[in-house]
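J.: As a plain string of letters, each chain reads:
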Amino acid sequence: MKTKVLMMVALVAGLAAIDSPSFAHHGNAAFDVGKPVVLKGAVVTEFIWINPHPLIKADYKDAKGNVQHWIMEMGSTVSAQLIGWTRTTIAPGDVVTLYVWPAKTGAFAGRFNKVEFADGTTMRDTQTGGDDGGRADTGSRQ
Amino acid sequence: MRRTSTVVLAGVTGVLLLSALAAAQSNAPRSPWKYYPEDARANVGPGGPAPKRDLTGTWAGESSGAGVKRLIPPERTPPFTPLGKQLFDRNKAEGSGVLIAQSNDPHVRFCDPFGFPRNMNDQIRSMTITTLPDRTFVLLKFMTIWREIWMDGRALPANVGGRGRDAHDPTYNGYSVGRWEDDYTFVAETTGMVAETWATEGGYPHSVDARVTERFHRSSKNDLSLTMTMDDPKLYTRPLSLGEVHFRWIPSQTFFDFSCVPSSVQMYLKEMADPSSAPAAAR
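If you read the protein sequences in the order shown, they are chains S and H. Heads up: take any position in the first sequence, counting from 1, add 302, and you land on my numbering. Heads up: take any position in the second sequence, counting from 1, add 475, and you land on my numbering.
Just to be clear, a hint being listed does not mean it is correct.
[Claimed, not checked] Restraint ranges, calculated between C-beta atoms of paired labels, are given here:
1) H:Met742 x S:Asp421: 57 to 65 Å
2) S:Ala365 x H:Val736: 34 to 42 Å
3) S:Thr424 x H:Leu614: 30 to 38 Å
4) H:Pro521 x S:Lys363: 52 to 60 Å
5) H:Ser727 x S:Thr423: 26 to 34 Å
6) H:Pro714 x S:Lys342: 55 to 63 Å
7) S:Thr390 x H:Ser700: 37 to 45 Å
8) S:Asp361 x H:Ser734: 46 to 54 Å
9) H:Gly523 x S:Asp361: 54 to 62 Å
[To be verified] In silico lysine-lysine, DSBU-like type, Cα no more than 30 Å apart, as pairs:
10) S:Lys342 x S:Lys366
11) S:Lys337 x S:Lys416
12) S:Lys359 x S:Lys416
13) S:Lys366 x S:Lys406
14) H:Lys745 x H:Lys544
15) S:Lys337 x S:Lys359
16) S:Lys416 x S:Lys366
17) S:Lys337 x H:Lys527
18) H:Lys509 x S:Lys416
19) S:Lys363 x H:Lys567
20) H:Lys745 x S:Lys406
21) S:Lys406 x S:Lys363
22) H:Lys527 x H:Lys544
23) S:Lys342 x S:Lys363
24) S:Lys337 x S:Lys406
25) S:Lys406 x S:Lys342
26) S:Lys337 x H:Lys544
27) S:Lys406 x H:Lys696
28) H:Lys745 x S:Lys416
29) H:Lys745 x S:Lys342
30) S:Lys359 x H:Lys544
31) S:Lys363 x S:Lys416
32) H:Lys544 x S:Lys416
33) H:Lys745 x S:Lys359
34) S:Lys342 x S:Lys359
35) S:Lys337 x H:Lys745
[Unchecked claim] If you want a taste of the chain H side facing chain S, the calculated C-beta under 10 Å gives, among others:
36) Arg505
37) Lys509
38) Val736
I should point out that these hints are in silico values taken from the structure, not numbers from a laboratory. C-beta: ideal position from N, C-alpha, C; glycine also.
Input sequences plus hints: build the corresponding full structure.
T.: This is the structure in structure tokens:
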């Protein structure tokens, strides 16, 4: 287990050593970037491809069956494009797992981290260094 | 020792994974209309000597995915005059302790133009430089704007923002003149910028009389740097360094634009930023 953790740390360090993300347009001070909330089986209701930040809206059913209406922001369209995003990467009706750093206020809002699609593929947001080509997975910037 | 080896191995694995990713990307269909940041990153080294008196072309900045580094940030402790400090304290730049909902950054809240000199030291994504016989144009991808630098020997206007028939109105990009200092260094001087704009992302103020000196230096075919200094005696007790940014030549010469759209930013603030940073919001 320790070795696995070490390897993960080293992998991230190795990536970060190559380059580091650029400065943020909007910061993440409003979000708890300690550990992302995982919205498994969330249904995308809207993907709004706008600047300064694209917005993802999704419905998530909690353990009690209550539907939570989430909204989350990404990096800018241009930064996201640098790591392969387009306005059609996510579409309404997609059933996905969303990783989100939630707002400190407790609202169902947050900074998007990554999405896992039904086919098992993953797309990350630009905090992985979109402005620097997605080469730095340092977690909480941009 | 074993742990050290594991760490090194994992780091190397990371590099190899990236190489594989780059290789996979190179097999994907490519369009001449698209900008591929990996191409810019692969264009390592100086690429040959700099051509004389020539900055023309499209250049990648630090937020272009090309791995370009900012060389020097703006001064962290500006030498404000009392008036400069008073104006600075009015500006609530988003950052540690100031959330979007609390910021009064005119760009963040309304997509107002950065104006010069902020548009040369914030959101440095890409720029194209082109020339006419009497002018140099700097075309900035962020917010899709241009700056015009006259090289016909004229002097900067002496009366900007004053009264009288000879007065000039301030403009977002000010009034600029330029000259070649040597075969590889182009110097531009600018004054007369709209005073309501911020000089930096951090909210440093400037007056309409501020005079900004830009020094573009092309050290090789692939490398261009820009140093900026602002002299504004009303607000600063000495000339202020606005830092140094670096640009790399883009082999394909392509990029794409990035505009902040006022209606979009209002939607973003209303639906996302303000609710998520307002203190009373609850589930």
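J.: Provide an ascending list of the numbers of those earlier hints which the structure does not satisfy.
T.: 1, 8, 14, 17, 19, 27, 30, 36
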